[in-house]
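A.B. asks: So the sequence lines, in the order shown, correspond to chains A and B. Residue numbering for the first sequence follows the working numbering, starting at 1191 and increasing by one per position. Residue numbering for the second sequence follows the working numbering, starting at 18 and increasing by one per position.
By construction, these hints were calculated from the structure, which means they are not laboratory data. Positions of the beta carbon are idealized from the N, C-alpha and C atoms, including for glycine. Careful: at least some of the hints might be erroneous.
Claimed, not checked - Interface residues of chain B toward chain A, partial, derived using beta-carbon atoms under 7 Å:
1. A25
2. V29
3. L30
4. G32
5. L33
6. E43
7. I46
8. L47
9. V50
10. R53
11. A54
Unchecked claim - With a Cα cut of at most 20 Å, we get these calculated DMTMM-like pairs of lysine to aspartate or glutamate:
12. A:K1311 to B:E24
13. A:K1311 to B:D35
14. A:K1287 to B:E24
15. B:K187 to B:E175
16. A:K1287 to B:D35
17. A:K1287 to A:E1236
18. B:K163 to B:E176
19. B:K187 to B:D173
20. A:K1311 to B:E23
21. A:K1287 to B:E37
22. A:K1311 to A:E1291
23. B:K163 to B:D173
24. A:K1287 to A:E1318
25. A:K1343 to A:E1324
26. A:K1311 to A:E1368
27. A:K1322 to A:D1340
Unchecked claim - Now the in silico label distances, taken between C-beta atoms and shown as ranges:
28. B:T73 to A:S1292: 55 to 61 Å
29. B:D52 to A:P1256: 21 to 27 Å
30. A:Q1284 to B:A79: 56 to 62 Å
31. B:R44 to A:L1255: 21 to 27 Å
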Amino acid sequence: MTSIEECGLVLSMEEVASEIDLTALVENYSTLLFRVAHSVLRSRAEAEDVVQDAFVRVVERRSSLPDVRDMRVWLIRITWNLAIDRRRRIRPEQMDKSFAESLVASSVPADEALDEAQRMKAVLREMERLPKAERHVLLLSSLEELGTADMAKVLGRSESAVRALLFRARTRLRERLERGGGV
Amino acid sequence: MRKSSEEAVRQVLAGLRDAEAPIGMERRILEAVQDRASVRSAPLPLSAWGGAFACTAAVCVAISMIHRVEHVPIQSNLRPVSAGMLPIGSEAAVKSELPPLSQPIVRVKANVKRAKVARGKDSVTLREMQTASFPAPPMPLTDQEKLLLRVAHRGDPEELAMLNNEMRAKQEAEGKTEFQKFFEPSTTGDNE
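So that you can see chain A by itself, here it is in the shape it has in the complex (with noise of 0.2 Å):
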């Protein structure tokens, strides 16, 4: 019965070191990684469900957290890596039309609204259309934490080639853009 009792003070213990790491991970870095999946979904419930499956998969895989040498990077490549992964479950026209309708201010009058939110709505379809690593690279950099490094750390590329994929993609989407007249 001891050795029970002493077994449940262990684990509690432990429990109660883990929660402390927990909520300070939750903390730090929720914020961040609720952009990184909103980035990839434009839906904040469906971020909110992967921020919350990546801090699961983290206390899936406590006893390897001590290897992780870039916890951010680590964290956000697993946010990716799930945002990404949800995005082909899920209907995205229908987030990317209420994304697009939430960017236009509400002080503009109806029809000008309604044109905004068409040429909103035409950059997040011609961003969809570009290359996966163009793509990827164009929605990591509005996330104005995320430098060259980290981006490359996330996406597993050199520094050198995420630059030259971000220059691609902008151009890309502007020509796009440009011959479409969407915009």
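On the provided structure of chain A, position chain B as indicated by the hints.
C.D. replies: Below, chain B alone, put in the same frame as chain A:
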């Protein structure tokens, strides 16, 4: 046009950058994660241990009872009692000693049934043992095959090389040449 497209792209990227997390997200995430963590590492409560022990004990008792019932001999319920062997005056006493007739018959029938099932099981097992197994066992190896197997498993490069016709022919030719070279001069010398 160019300016407007760039502006639109910038606006979209700014919208992504400035996305704000829903209020209370951190708390919800922490709760969910802590729930998961506690589910994963919570020790079993004492009541659960007690339940597990009780279940185990019940299963053991049930198994032992089943075992005992199966081994009750059929003859024990069929105690032959012949009226002729008893004194006449003791018939009433015999009747009173004998258990009610309907109960043993039912029990005997049940035991006979069980015995039949057991015999049926035995016969099935016997039949399975006696029937030829399928697929048929492999044919025994011929002497050549055994030799080949031994050579291949030993992996002696010379012996393996001997399996190749060309190499064997070449080696034999070389041996023959060496033999010729060695013996021809000496034989001529002897003759001389």
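A.B. asks: Which of the stated hints cannot be reconciled with the structure, identified by number in ascending sequence?
C.D. replies: none
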